[in-house]
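Asks: Take a look at the letters that make up each chain.
4 protein chains.
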Amino acid sequence: MRRIVIGVIGPGEGAGQKEMDDAALIGELVAKAGWAVLTGGRVAGVMGAAAKGARAAGGLTIGLLPTPDTLGASPAVDIVLATGLGEARNAVIALSANACVVCGMNAGTASEVALAIRAKKPIVLLRADETTVKFFRSLDADVVRVAMSAGEAIEQLRGVLMSGAHSL
Amino acid sequence: MRRIVIGVIGPGEGAGQKEMDDAALIGELVAKAGWAVLTGGRVAGVMGAAAKGARAAGGLTIGLLPTPDTLGASPAVDIVLATGLGEARNAVIALSANACVVCGMNAGTASEVALAIRAKKPIVLLRADETTVKFFRSLDADVVRVAMSAGEAIEQLRGVLMSGAHSL
Amino acid sequence: MRRIVIGVIGPGEGAGQKEMDDAALIGELVAKAGWAVLTGGRVAGVMGAAAKGARAAGGLTIGLLPTPDTLGASPAVDIVLATGLGEARNAVIALSANACVVCGMNAGTASEVALAIRAKKPIVLLRADETTVKFFRSLDADVVRVAMSAGEAIEQLRGVLMSGAHSL
Amino acid sequence: MRRIVIGVIGPGEGAGQKEMDDAALIGELVAKAGWAVLTGGRVAGVMGAAAKGARAAGGLTIGLLPTPDTLGASPAVDIVLATGLGEARNAVIALSANACVVCGMNAGTASEVALAIRAKKPIVLLRADETTVKFFRSLDADVVRVAMSAGEAIEQLRGVLMSGAHSL
Numbered sequence: 001m002r003r004i005v006i007g008v009i010g011p012g013e014g015a016g017q018k019e020m021d022d023a024a025l026i027g028e029l030v031a032k033a034g035w036a037v038l039t040g041g042r043v044a045g046v047m048g049a050a051a052k053g054a055r056a057a058g059g060l061t062i063g064l065l066p067t068p069d070t071l072g073a074s075p076a077v078d079i080v081l082a083t084g085l086g087e088a089r090n091a092v093i094a095l096s097a098n099a100c101v102v103c104g105m106n107a108g109t110a111s112e113v114a115l116a117i118r119a120k121k122p123i124v125l126l127r128a129d130e131t132t133v134k135f136f137r138s139l140d141a142d143v144v145r146v147a148m149s150a151g152e153a154i155e156q157l158r159g160v161l162m163s164g165a166h167s168l
Numbered sequence: 001m002r003r004i005v006i007g008v009i010g011p012g013e014g015a016g017q018k019e020m021d022d023a024a025l026i027g028e029l030v031a032k033a034g035w036a037v038l039t040g041g042r043v044a045g046v047m048g049a050a051a052k053g054a055r056a057a058g059g060l061t062i063g064l065l066p067t068p069d070t071l072g073a074s075p076a077v078d079i080v081l082a083t084g085l086g087e088a089r090n091a092v093i094a095l096s097a098n099a100c101v102v103c104g105m106n107a108g109t110a111s112e113v114a115l116a117i118r119a120k121k122p123i124v125l126l127r128a129d130e131t132t133v134k135f136f137r138s139l140d141a142d143v144v145r146v147a148m149s150a151g152e153a154i155e156q157l158r159g160v161l162m163s164g165a166h167s168l
Numbered sequence: 001m002r003r004i005v006i007g008v009i010g011p012g013e014g015a016g017q018k019e020m021d022d023a024a025l026i027g028e029l030v031a032k033a034g035w036a037v038l039t040g041g042r043v044a045g046v047m048g049a050a051a052k053g054a055r056a057a058g059g060l061t062i063g064l065l066p067t068p069d070t071l072g073a074s075p076a077v078d079i080v081l082a083t084g085l086g087e088a089r090n091a092v093i094a095l096s097a098n099a100c101v102v103c104g105m106n107a108g109t110a111s112e113v114a115l116a117i118r119a120k121k122p123i124v125l126l127r128a129d130e131t132t133v134k135f136f137r138s139l140d141a142d143v144v145r146v147a148m149s150a151g152e153a154i155e156q157l158r159g160v161l162m163s164g165a166h167s168l
Numbered sequence: 001m002r003r004i005v006i007g008v009i010g011p012g013e014g015a016g017q018k019e020m021d022d023a024a025l026i027g028e029l030v031a032k033a034g035w036a037v038l039t040g041g042r043v044a045g046v047m048g049a050a051a052k053g054a055r056a057a058g059g060l061t062i063g064l065l066p067t068p069d070t071l072g073a074s075p076a077v078d079i080v081l082a083t084g085l086g087e088a089r090n091a092v093i094a095l096s097a098n099a100c101v102v103c104g105m106n107a108g109t110a111s112e113v114a115l116a117i118r119a120k121k122p123i124v125l126l127r128a129d130e131t132t133v134k135f136f137r138s139l140d141a142d143v144v145r146v147a148m149s150a151g152e153a154i155e156q157l158r159g160v161l162m163s164g165a166h167s168l
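Protein chains in written order, with the numbering used here: chain A, 1 to 168; chain B, 1 to 168; chain C, 1 to 168; chain D, 1 to 168.
What the hints contain is simulated information worked out from the structure, not anything from laboratory work.
Everything numeric in this text was worked out from a predicted model, so none of it was measured.
You may find that some hints are simply not true.
For chains that are exact copies, the list does not tell them apart, and a pair is met inside one copy or across any two.
[Said to hold, decoys possible] Pairs of lysine-lysine, DSSO-like flavour, derived with a Cα cap of 27 Å:
1) 32 with 120
2) 134 with 32
3) 18 with 134
4) 32 with 18
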């Protein structure tokens with residue numbers, strides 16, 4: 001059965017504890033909703049935390065690594081795909097996710113969000129600052145949502161995925 | 001738990017019945033071995049047959065589509081990843097599979113086999129003709145194997161994956 | 001002789017007249033500086049205007065199209081490279097340019113800017129609004145510059161390219 | 001003016017002297033025909049030799065590197081594009097060249113030839129062995145040509161590019 005795939009994206013090495021805690025909880029809630037978690041595959045930061053949270057809840061986890069090999073992959077990723085594309089794999093994450101939750105921000109994450117907006121994918125920015133929200137909403141207000149907790153983010157995903165206003 | 005991922009590759013629209021029957025059986029046997037099946041995602045030809053065979057046997061199926069959307073995806077693929085990369089997604093399939101089984105041949109398939117050889121991935125050519133075998137063996141005899149049945153191909157995969165002479 | 005390559009990026013179909021005028025002048029000034037212009041290759045908007053401006057001034061123009069064919073390519077591009085990568089070609093533009101000038105903004109452009117910042121490339125935002133500047137500076141203040149005219153943008157490029165603080 | 005772009009492809013580090021001599025002469029003749037040379041960008045082997053030959057004859061040279069930086073780029077390449085795509089850049093070379101000349105063979109080169117055949121690009125195999133010719137002709141006999149000298153390869157390119165049976 002075709003699985004709904006939720007991208008959980010955010011900083012790697014530079015992630016803060018709050019962002020990783022959020023990502024872990026998002027991973028858990030996505031798994032409990034029966035959806036698969038898609039990350040950038042690495043063990044670092046938000047990627048690793050989201051995969052770990054989903055795995056602990058019995059979810060299916062997929063990782064699209066930038067590297068041509070699996071060094072640095074999160075041990076909590078079930079399906080490790082070594083793309084070898086470098087940062088161009090961000091475009092693949094953006095297109096492959098049915099929707100994305102964003103925990104934290106850096107340049108790589110910003111590119112994923114922009115590419116997901118370009119592809120008209122629903123995006124939930126979790127606890128994003130005002131400038132970040134304002135900037136991404138200026139690109140396409142229709143697809144960019146904001147949540148102040150992991151639970152709220154999941155409710156937003158549920159709403160948008162059930163509305164059928166997305167492409168599965 | 002990190003899943004072993006087996007690429008099952010071959011022609012789409014131009015596939016013959018024998019190749020699709022082989023692919024379906026390979027899909028089934030890969031699933032029964034507990035491995036995930038990775039294909040080019042489309043419903044056509046070898047891709048669709050391999051996914052269908054694996055799905056029927058309760059296996060996990062992943063598809064890396066060349067398109068930016070999921071039109072044309074096989075309904076038997078659980079995790080549909082729309083790469084938007086066109087034929088460059090062949091490089092991602094080659095790097096992401098732990099090993100590949102090849103059913104039939106055309107230009108796209110040849111590129112995947114060549115890229116998998118480049119990445120030193122074990123490859124089993126199923127019922128390939130003499131020229132095809134000779135050509136790919138001339139590129140790297142160490143990684144190119146030949147099988148005359150789906151069962152033999154799976155035995156070869158089992159051997160090479162257990163030998164640890166591959167990168168997981 | 002290795003040519004310095006300047007990416008001129010911005011919206012395609014949705015570009016405004018002011019942005020296209022800016023892009024044409026940037027193209028002209030880049031050409032007069034002896035640098036090559038790199039665009040997304042299409043005739044639409046900022047891409048087409050930049051190539052046209054550079055061509056008229058005798059410059060060399062290179063275009064990295066998202067499509068696998070050359071339909072829609074600007075007639076002012078000398079070297080048309082059909083990548084077939086879709087939006088993943090934005091990552092190639094970001095890595096291939098020695099520096100970028102940005103005229104206008106949309107989701108695709110934002111992804112290119114973010115990827116260029118990720119790669120530590122000098123970026124000049126031309127006439128960008130306050131939110132855009134603030135957002136991209138929050139990602140990496142060191143590489144993001146702002147200019148209020150095409151001439152000023154070129155001066156900024158000249159400064160940064162001569163400082164040697166960039167990777168050629 | 002839109003330039004005709006000829007891919008000159010073949011092994012890097014493993015190239016033989018004869019292949020590099022051929023590549024250098026191909027580069028020279030392509031340049032003298034007024035066409036641009038496209039290579040994989042690196043200084044090694046056929047790539048470097050083709051760029052050097054073209055440069056010496058006053059031609060324009062473009063290189064699509066697999067790496068995200070320009071380390072290892074041939075000094076004879078005018079336009080160095082660091083794709084960061086790894087071997088997926090082979091797909092970009094195949095799509096971007098109007099036609100290809102192939103000097104020598106290995107797994108990476110084979111993937112480029114297969115992808116160029118997939119894209120229906122005219123290909124000239126220079127001094128290829130019988131198995132290689134037979135294999136690639138089995139994929140698509142219409143686009144695969146064979147030449148026994150650099151001069152003959154250029155004549156074949158001239159014929160096919162003038163026939164208009166290619167996509168520019």
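Asks: Hint by hint, say whether it matches the structure.
Replies: Structure-based check of each hint:
In this assembly of identical chains, the alpha carbons of residue 32 and residue 120 lie at most 27 Å apart only when taken from the same copy (25 Å versus 38 Å across copies). In this homomeric assembly, residue 134 and residue 32 never come within 27 Å of each other (Cα to Cα): the closest approach is 31 Å inside a single copy and 37 Å across copies. Taking the closest pair of Cα atoms, residue 18 and residue 134 come within 27 Å of each other both inside a single copy (22 Å) and across two copies (23 Å). Within a single copy, residue 32 and residue 18 get their C-alpha atoms as close as 21 Å, which meets the 27 Å cut-off; across copies the closest is 41 Å, which misses it.
Hint compliance for this structure: hint 2 alone is broken.
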